[in-house]
Amino acid sequence: MSAPTTTPPERPAGRKPRQLSGRPGLYTSYSQHLRLLNTRPKLVAVLALVLLAFAMPWLAQDNTLSLLGLACAASIGAIGLNIVTGYAGQVSLGHAFFLAIGAYTAAVLSGDPAGRTIGFGVTNVVVWLLAAGLVAALFGVLVAPLATRLRGLYLAIVTLGLVFIGEHVFKEWRGLTGGAGVGRPGPVPELFGVNLADSGDVFTSDQKLYLLMLVCLVVFGVLARNLARSKVGRAFAAIRDRDIAASVIGVNLAHYKMIAFAVSSFYAGVAGALVYTITGFIEPTSFNLLLSVQYIAMVLIGGVATISGSIMGAFFITLLPALTRESPTILPFISNDASAPLNVFQVETVLYGLLIIGFLIFEPRGLFGIWTRIRNYWKAWPFSY
Amino acid sequence: MKELLSSTLAGLGQGSIYALLALGFVIIYKSMRVISFAQPALMLAGAVLVSYLVGPFGFILAVILGVVGIALLGLGLERTVIRPMVGKPVFVVAIITLGIDIALRVVINGFIGTDVRQVGDPWGFSRVSFLGVTVQERYIAMFLTTVVVITVLFAFFKYTRLGLATRAASFDQETALAQGISVSTVFAMAWAIAGGLAAIAGTFVATGVGVDQQLWIIALKALPAIILGGLDSLGGAVVGGLTIGVVESLVATYQSDFAPWLGDNFSVVSPYVVMLLVLLVKPYGLFGTREVERV
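These protein sequence lines are chains A and B, in that order.
With numbering that gives the first Met the number 0 applied, the first sequence corresponds to residues 0 to 384, in that order.
With numbering that gives the first Met the number 0 applied, the second sequence corresponds to residues 0 to 294, in that order.
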């Protein structure tokens, strides 16, 4: 028998909601429920995770750090795709295009003015990172009118077309991109007069870049989480769940779809700039359909319409190649040689496809859903309910 | 003038390939309201299968066997991967087909290897001239084959019981079920037909140039074709496919003279540019059903 519960009385607006003594898990107001870290375990776990992440430069090897940094950067891109596809429900296969816009904006701004490709020599990270996001967002706003006229699979095909047109432009505009097979150097990260890509006395380049990515991920992750629980986030969810109903209750579809595309493209632009800071090299043919599919895989495997899910998915997909590269030691029939009949690159690509299919059929809520199940199981342990 | 004519004829030939592929997309779309992104993989599989069969069986028999084989492959995919997803949101099913495409293509690439495989067609690059207009024989073969296939297909939908069932199911699934139509048979048949069409298209795409790992990209050009014609219109798919083929061919012929600043091989992406322009003017294509609800 549970103790008799009383419904909390309505509180006048403006007064701080009081926590009931002895019932820390009981919410007495909507704002408590909507808080960023609404339970104590969540608060503790998130803080511990962030601390661990910031301690990583002293715990992990440099090549691991560079991989983790890549995963952090990809997480930002995945969050961006999740905003437009997960929260607002607008299927976009064109994420690779926006990543490319961001990567090239950053590379052009920070590039060597005397180099083979266009460059302006503005190497400050803050400047080119914001510029990369803003230029990508501008392209997102340009695409948004199509999204307000179309829906569902029509939109998916149009954004697919965007990837192909973008790929052609990047291949042909040699002054900007260096051309197919040649490429150009990635953005130069400089902060407070220190080039983060050079190894210094205190930190190696991988450590510095990892910290940069981590700070960016924390900032953009919190921003996205806040967006999702605001009026805008609720409008996105309404559009996703039933666009006609949303417009009937007063959600301006054109307006919010444009916001969704702009924010999503901003994140993609930032992610593109950061990813290619780590890899240090931009090859124009890499912004193809497979890249878009990788980001869709991150969102679907991580969990649709969740920020933590996007991060989990991005880490999963980014670290997957590292795992498959190790697979020949365990599974001797897989070869490391790219020309062999069954090699690690093929296994990797097949895994993208199979993981997408598997997660959609067996766990549509993704890694986040698996985590929710684990959490709920231990909540009541050792009782089953 | 002669250049214009021969370019148009080549475009019609290439466009008939797009029409076949577009029909595959539209047939699946009409039956289950899903765009199957697995079509490129099926097309590539068809071309590769024919390239393996052509040695022992000869070209004609190899194509027939290839069509049957890929139709069975489509059937198998529908039964194993798509069937459990019936009733789920279309976006989910579409992404699953994308996953199928990626996984399947890697397997097929293993059969292609690094060299170019030949489908052993009797045409190669040989040309015929008629009244001074030169056109490659393979384009004529493509066009004629497509005309035959499309005629058979339209007759099938119009005059057979299964065709009638398909039309009923695409009109209203639940009512069709209530009338005793097996909608699952309709789904299976749609995937089988789409697979068969993809196999024919793949074989013809590979005539002359051969099969390599990049061939699949051609199948995606059927997407502009179906957008142009309207997602749910069979006739629109044919018109859209032919239009896209002709536009691409004309751009390939004249763009280097009139607009060289667009870069080399602009013709490859011209279908997508056409698609964007069409969508700005007519969001549901030339012959597509206009959805009543506005958003």
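Simulated from the structure, these hints should not be mistaken for laboratory data.
Just to be clear, a hint being listed does not mean it is correct.
To be verified - According to the in silico footprint, chain B covers these stretches of chain A (three or more CB under 8 Å from chain B):
hint, stretch
1, 115-129
2, 140-149
3, 154-160
As the list claims (entries may be wrong) - Chain A is nowhere near these chain B residues, computed Cβ spacing over 10 Å in every case:
hint, residue
4, G98
5, G109
6, R166
7, D263
8, M274
9, L279
10, P282
Said to hold, decoys possible - Some, not all, of what chain A presents toward chain B, calculated at C-beta under 8 Å:
hint, residue
11, F163
12, L175
13, S229
14, V231
15, L290
16, V292
17, I360
18, E362
Ideal placement from N, C-alpha and C gives every residue a C-beta, glycine not left out.
Results of checking the hints against the structure:
no.: 1; hint: 115-129; verdict: violated (count 0)
no.: 2; hint: 140-149; verdict: holds (count 4)
no.: 3; hint: 154-160; verdict: holds (count 5)
no.: 4; hint: G98; verdict: violated (4 Å)
no.: 5; hint: G109; verdict: violated (6 Å)
no.: 6; hint: R166; verdict: holds (21 Å)
no.: 7; hint: D263; verdict: violated (7 Å)
no.: 8; hint: M274; verdict: violated (5 Å)
no.: 9; hint: L279; verdict: violated (8 Å)
no.: 10; hint: P282; verdict: violated (5 Å)
no.: 11; hint: F163; verdict: holds (5 Å)
no.: 12; hint: L175; verdict: violated (12 Å)
no.: 13; hint: S229; verdict: violated (23 Å)
no.: 14; hint: V231; verdict: violated (18 Å)
no.: 15; hint: L290; verdict: violated (12 Å)
no.: 16; hint: V292; verdict: holds (6 Å)
no.: 17; hint: I360; verdict: holds (6 Å)
no.: 18; hint: E362; verdict: violated (12 Å)
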